[in-house]
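Taking the hints into account, I'd like the entire structure generated from these sequences.
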Amino acid sequence: MNDVTCHNLDAYIGGWLTRDERIEFEAHLKQCAACRDELGRQQRIDRLLDEASRRLQPPPPDLVERVHHALDRARRRRRVVRISTGLSAAAALLVAVLVISPERATPPTRRVVAVHPPDRTATHVTPPSELSPVQQLAVWMASRKASSTGTAEYPRPRVPVFAIPPYAALASKTPGQLKQTTRTPEKNSSEDKECKVVRGTEPFNARAKPSHRTLVERRLTVEALAAPLQPANHETKLPDIHAKETRSCRLHTRTSSAHALCG
Amino acid sequence: MGSPRYGWAGLEAKRGGLVEDLLPEYVPRVYRYALRLTHDHHVAEDIVQETFLRAWRGRRRLRNPQSARVWLLRIATNVWRDRLRNRTRQATGTRPLPDDIPGTVLEPGKTMAERETLREVLRMMDSLPPRQRQVLYLSAVEAMPLDEIAQVLGINYQSAKASLSLARKVIRQQFSAFEQQG
Numbered sequence: 001m002n003d004v005t006c007h008n009l010d011a012y013i014g015g016w017l018t019r020d021e022r023i024e025f026e027a028h029l030k031q032c033a034a035c036r037d038e039l040g041r042q043q044r045i046d047r048l049l050d051e052a053s054r055r056l057q058p059p060p061p062d063l064v065e066r067v068h069h070a071l072d073r074a075r076r077r078r079r080v081v082r083i084s085t086g087l088s089a090a091a092a093l094l095v096a097v098l099v100i101s102p103e104r105a106t107p108p109t110r111r112v113v114a115v116h117p118p119d120r121t122a123t124h125v126t127p128p129s130e131l132s133p134v135q136q137l138a139v140w141m142a143s144r145k146a147s148s149t150g151t152a153e154y155p156r157p158r159v160p161v162f163a164i165p166p167y168a169a170l171a172s173k174t175p176g177q178l179k180q181t182t183r184t185p186e187k188n189s190s191e192d193k194e195c196k197v198v199r200g201t202e203p204f205n206a207r208a209k210p211s212h213r214t215l216v217e218r219r220l221t222v223e224a225l226a227a228p229l230q231p232a233n234h235e236t237k238l239p240d241i242h243a244k245e246t247r248s249c250r251l252h253t254r255t256s257s258a259h260a261l262c263g
Numbered sequence: 001m002g003s004p005r006y007g008w009a010g011l012e013a014k015r016g017g018l019v020e021d022l023l024p025e026y027v028p029r030v031y032r033y034a035l036r037l038t039h040d041h042h043v044a045e046d047i048v049q050e051t052f053l054r055a056w057r058g059r060r061r062l063r064n065p066q067s068a069r070v071w072l073l074r075i076a077t078n079v080w081r082d083r084l085r086n087r088t089r090q091a092t093g094t095r096p097l098p099d100d101i102p103g104t105v106l107e108p109g110k111t112m113a114e115r116e117t118l119r120e121v122l123r124m125m126d127s128l129p130p131r132q133r134q135v136l137y138l139s140a141v142e143a144m145p146l147d148e149i150a151q152v153l154g155i156n157y158q159s160a161k162a163s164l165s166l167a168r169k170v171i172r173q174q175f176s177a178f179e180q181q182g
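One line per chain: the protein sequences are A and B, in this order.
Using the working numbering, the letters of the first sequence correspond one by one to residues 1 to 263.
Using the working numbering, the letters of the second sequence correspond one by one to residues 1 to 182.
Don't take every hint at face value.
Stated by the list, open to error - Just a few of them, taken from the derived set where beta-carbon distance is under 8 Å, the chain B residues facing chain A: (1) Leu23; (2) Val27; (3) Arg32; (4) Gln49; (5) Trp56; (6) Arg69; (7) Val121; (8) Leu164; (9) Ser165; (10) Val170.
What the hints assert, rightly or not - Cβ-to-Cβ under 8 Å is the rule here; a few derived chain B residues that face chain A: (11) Tyr31; (12) Phe52; (13) Leu118; (14) Leu122; (15) Leu146; (16) Gly154.
Stated by the list, open to error - In the SDA-like style, the derived pairs of lysine to any residue whose C-alpha atoms are separated by at most 20 Å in a straight line are: (17) B:Lys161 - A:Trp16; (18) B:Lys161 - A:Leu17; (19) B:Lys169 - A:His7; (20) B:Lys161 - B:Glu179; (21) B:Lys169 - A:Ala142; (22) B:Lys161 - A:Asp46; (23) B:Lys169 - A:Asp10; (24) B:Lys169 - A:Thr5; (25) B:Lys169 - A:Gly40; (26) B:Lys169 - A:Arg41; (27) A:Lys30 - A:Glu51; (28) A:Lys30 - A:Tyr12; (29) B:Lys169 - A:His68; (30) A:Lys30 - A:Asn8.
It is worth saying that the hints were derived from the structure and are not from the lab.
We treat Cβ as the ideally placed atom computed from N, Cα and C, and that holds for glycine.
Have a look at this one:
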């Protein structure tokens with residue numbers, strides 16, 4: 001028995017030999033009884049294996065049907081998953097459209113306020129138009145004081161300075177008259193201190209920092225207010241210094257503390 | 001007969017129907033292959049169901065229906081390997097074989113000696129290591145060429161060739177000893 005040629009038995013059975021090798025091995029088979037026996041045994045084993053596998057252990061008769069049902073269940077499950085996924089996506093999209101998008105686009109409160117600004121002012125306390133400017137200012141200050149935040153509900157009404165009673169007398173004076181009665185007090189003088197005390201009693205700008213123009217107008221107003229109240233006989237008998245004191249004294253009669261300073 | 005469906009739905013139905021068309025022919029084949037791997041007909045039935053479920057899920061990968069046999073047996077091999085990894089009740093190739101092979105049906109008309117020969121041949125094959133057993137089964141029962149065997153097992157051609165040669169040599173020796181005893 002040629003071992004090299006007999007070694008090709010498996011290759012011959014498997015069909016892995018080339019044409020020349022197959023011809024050579026078939027020539028060897030005619031001479032080698034051992035290879036013929038092995039070849040016959042292998043062919044018989046393969047046939048028996050095929051027969052045994054097919055006939056001795058057949059699959060259960062209902063196996064095909066069970067696999068078919070399993071595929072149907074899987075198909076239904078996938079359909080349900082797809083439908084539920086689609087519904088979930090649609091619901092999420094609906095929520096996003098209804099809730100998120102309008103809020104981002106224009107907040108409803110702002111839009112209402114922008115469309116109906118008069119409604120907002122109408123619900124709050126505003127000074128009636130029949131009130132005088134000074135009364136409107138008083139109402140505004142009262143509402144600011146009553147509020148918890150310290151701010152008024154509406155803008156401060158525009159009240160001309162000359163509408164306030166102490167300064168109303170200025171409204172009847174001409175600029176020339178105002179100039180005549182105007183005098184600049186000396187710096188750090190007693191009268192200037194008294195005037196500061198008088199200014200501190202002003203009701204309309206107790207907290208706000210007054211502008212330079214406002215300060216000048218107030219000083220002019222105070223002095224112009226004091227001038228007409230000056231008695232005529234004092235103007236002739238008393239010197240200028242005494243007249244100043246008299247004016248200051250009359251002015252300070254409004255507040256007892258300022259009057260005490262004058263002696 | 002329903003109306004034909006077109007477009008993607010029709011293609012899906014065609015592919016899903018293709019897998020279902022494979023059932024009558026390939027369920028017994030996959031079952032026998034799984035039974036040779038597991039030696040347990042319950043596990044083999046589970047492997048068959050799992051194999052066709054995976055095939056149905058991945059039906060788009062089957063582009064050539066003529067390669068369905070390699071495709072399905074490859075899936076069955078992977079299912080069996082996955083079960084071995086999870087290792088619950090599956091058998092290995094070295095498990096001692098029962099005296100009576102489960103599921104054996106005694107055919108009328110077969111003599112006792114013939115039936116005993118068939119059982120003995122199955123026992124010989126089942127006693128082989130898993131790789132040799134698979135290669136021998138696919139070659140002898142499925143008459144599968146060596147390149148397709150390599151595809152089913154996920155190994156290269158030379159490995160399949162060496163395993164098949166060794167399996168044939170071993171089973172020939174066992175069968176020769178069986179013939180001498182009988």
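Original post:
So which of those numbered hints doesn't the model satisfy?
Top reply: Those not satisfied are hints 6, 10, 16, 20, 21, 27, 29.
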